[in-house]
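**Q** Spelled out, the chains give:
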Amino acid sequence: MTSRRTIERWRPWAYVGPALVWTVAFFILPFLVMAWVSLTVHGTGETLSAANYAQFVHNESYWRALVNSLEVTAIVTVVSILLAYPFAWFLAEIVPERWQRLGLMLAVLPFWTSYVVRSYSWLLVLAENGVVNNALTGIGLLSDPVQMANTRFATVTGFVHFFVMLLTLTIFANLKQLSPSYRKAAADLGANGVQIFRHVILPLTLPGIMVGAFLTFVLAIGDYITPQILGGNNELLMPQLIMMQIGRRGDFPLASALALILMAVVTLAYFACARWLRIERA
Amino acid sequence: MKALKILTSVYALAVYGFIFLPVAVLVLFSFQASLFPVPPFTGPSLRWYEAVLGDRSLTAGLVNSVLVATVSSLVAVALGFLSAYGFARFRLPGSGLLRALVTAPLMVSYLIIGMGLLILFNAVGLPKSLLAAGIGHAVINLPLCFAIVYSQMGDHQLNAERAARDLGARSRHVLVLILVPMLWPALFASFFLAMTFSWDEFVIAFLLTRFETTLPVEIWGLLRSGLNPRTNAVGSLVFGVSIVLVLILELVVFRKRRP
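Quick note, the sequences are listed as chains A and B, same order. Residue numbering for the first sequence follows our numbering, starting at 64 and increasing by one per position. Residue numbering for the second sequence follows our numbering, starting at 19 and increasing by one per position.
Be a bit skeptical, because a hint or two may be false.
Examples of chain A residues lying across from chain B (beta carbon under 8 Å, computed) [as the list claims (entries may be wrong)]: (1) P75; (2) L83; (3) G108; (4) Y333.
DEER-style ranges, computed between Cβ atoms [claimed, not checked]: (5) A:I157 - B:W202: 35 to 41 Å; (6) A:V130 - B:H191: 55 to 61 Å; (7) A:F216 - B:V194: 52 to 58 Å.
The hints are simulated quantities; they were obtained by calculation from the structure and are not laboratory data. From a predicted model like this one, the values you see are computed outputs, not experimental measurements. Backbone N, C-alpha and C fix where the C-beta goes; we use that ideal spot for every residue, glycine too.
Between the sequences and the hints, there should be enough to build the whole structure, so can you do that?
**A** See the structure below:
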């Protein structure tokens with residue numbers, strides 16, 4: 064009888080155990096190893112040293128990368144929200160119900176290429192002899208082609224392209240959840256269209272926007288592909304700097320320290336948005 | 019109101035244009051006859067498709083990608099399903115914390131997960147390989163599969179489970195004969211999503227593979243040659259195949275569930 068009870072007590076662990084072991088072995092353990100490695104110094108065998116972190120603080124080109132990352136991510140988040148909101152509103156309010164699904168599917172369609180290829184496509188569009196420059200010089204708006212590829216503008220464009228799609232989906236879902244009776248109630252009380260939007264619809268969709276903004280921030284600040292392909296090496300963002308330490312120099316200690324700093328920034332952003340993220344879950 | 023309607027419609031058209039612009043350019047210039055995928059358009063020609071389909075490393079990358087995506091997604095779905103069942107049906111000490119642990123990788127960038135695994139695998143002597151990349155992909159997809167299945171475990175399954183147990187079914191039979199069929203849409207959705215993410219994942223595969231590698235890493239290699247219609251052709255092919263798959267899915271799987 065006792066043994067049977069023991070089996071019963073351990074049974075749930077047989078279900079959750081494999082996932083827990085997997086996560087500890089391949090997520091927590093690497094993280095701990097990385098934290099340890101970040102306290103060693105490349106090539107010297109020195110341990111328990113804060114040299115890598117000190118280097119980040121003192122070397123301008125390193126913390127500049129973090130500032131660049133924060134700036135680009137902030138611009139991307141704001142621009143994407145501003146572009147996505149009216150678009151989502153159009154899909155949810157103007158497009159007839161039966162066409163909405165199609166409208167959303169169309170908006171998602173171009174993202175079924177691979178992520179790497181999508182960034183490359185923007186390179187095609189923005190290249191010195193690419194489509195945009197060609198069109199602008201063709202109609203006489205520009206006398207000479209301007210450099211758009213390998214600039215911050217290109218990075219931001221590539222990011223905005225992706226996140227407008229993502230945010231459109233989240234904001235659309237949010238708008239659809241709003242009960243029409245709120246709007247009717249506001250209208251009955253004498254609010255005009257602008258007032259209804261400002262005082263009813265916008266506040267009610269704000270939590271959803273914040274979740275989308277947080278998602279955008281987390282995904283964009285950790286992305287290596289878009290800035291590497293579109294921004295090039297003129298201006299480094301954090302993930303590029305990290306990859307550079309791994310690739311060219313094999314400096315895992317510095318790369319680990321930089322990765323942990325990036326993670327710390329994301330964690331701070333999480334706590335800053337936690338209020339909103341929790342509202343969403345409730 | 020009328021003016022607003024027209025205004026937003028024009029705006030929406032512009033957004034659609036923005037969204038479609040790069041893909042349109044990609045596909046158009048994959049049919050370029052000359053060496054550079056920039057205007058003027060000199061095609062149509064299929065020479066770059068021919069070059070791509072004859073390229074051994076690209077086709078090998080494709081096969082590797084399918085392999086890694088399938089196996090890692092199966093692992094992620096299996097672990098996610100079992101843990102979702104465990105967390106939903108049993109009272110565990112520290113359950114909230116443990117669930118947070120399982121979903122934690124969602125918060126961390128792929129680059130950092132890949133780098134952590136690279137350092138760990140270096141330390142324990144596991145060489146760069148498709149296996150290593152597959153482990154990485156299962157790590158990023160497990161939280162997703164867990165979250166999807168967990169959110170779908172409701173009371174209506176509980177009753178069926180109880181009934182089965184009252185009739186003498188053992189736990190593993192309940193799991194396989196009752197829960198798997200009932201949760202089939204959630205399991206399928208999480209498997210499909212995990213496949214998509216693994217299929218498209220670059221950074222982890224880039225860090226954790228060397229000689230044999232996946233398609234995104236092969237494509238990355240092509241980018242070194244700058245603007246090249248060959249890359250356009252690969253990209254267009256991936257695009258085309260994905261669209262066909264999504265359409266099949268839409269028509270076969272999701273249509274049925276709607277009344």
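**Q** Failing hints, ascending?
**A** Going through the list in order, the structure violates hint 3 alone and respects the others.
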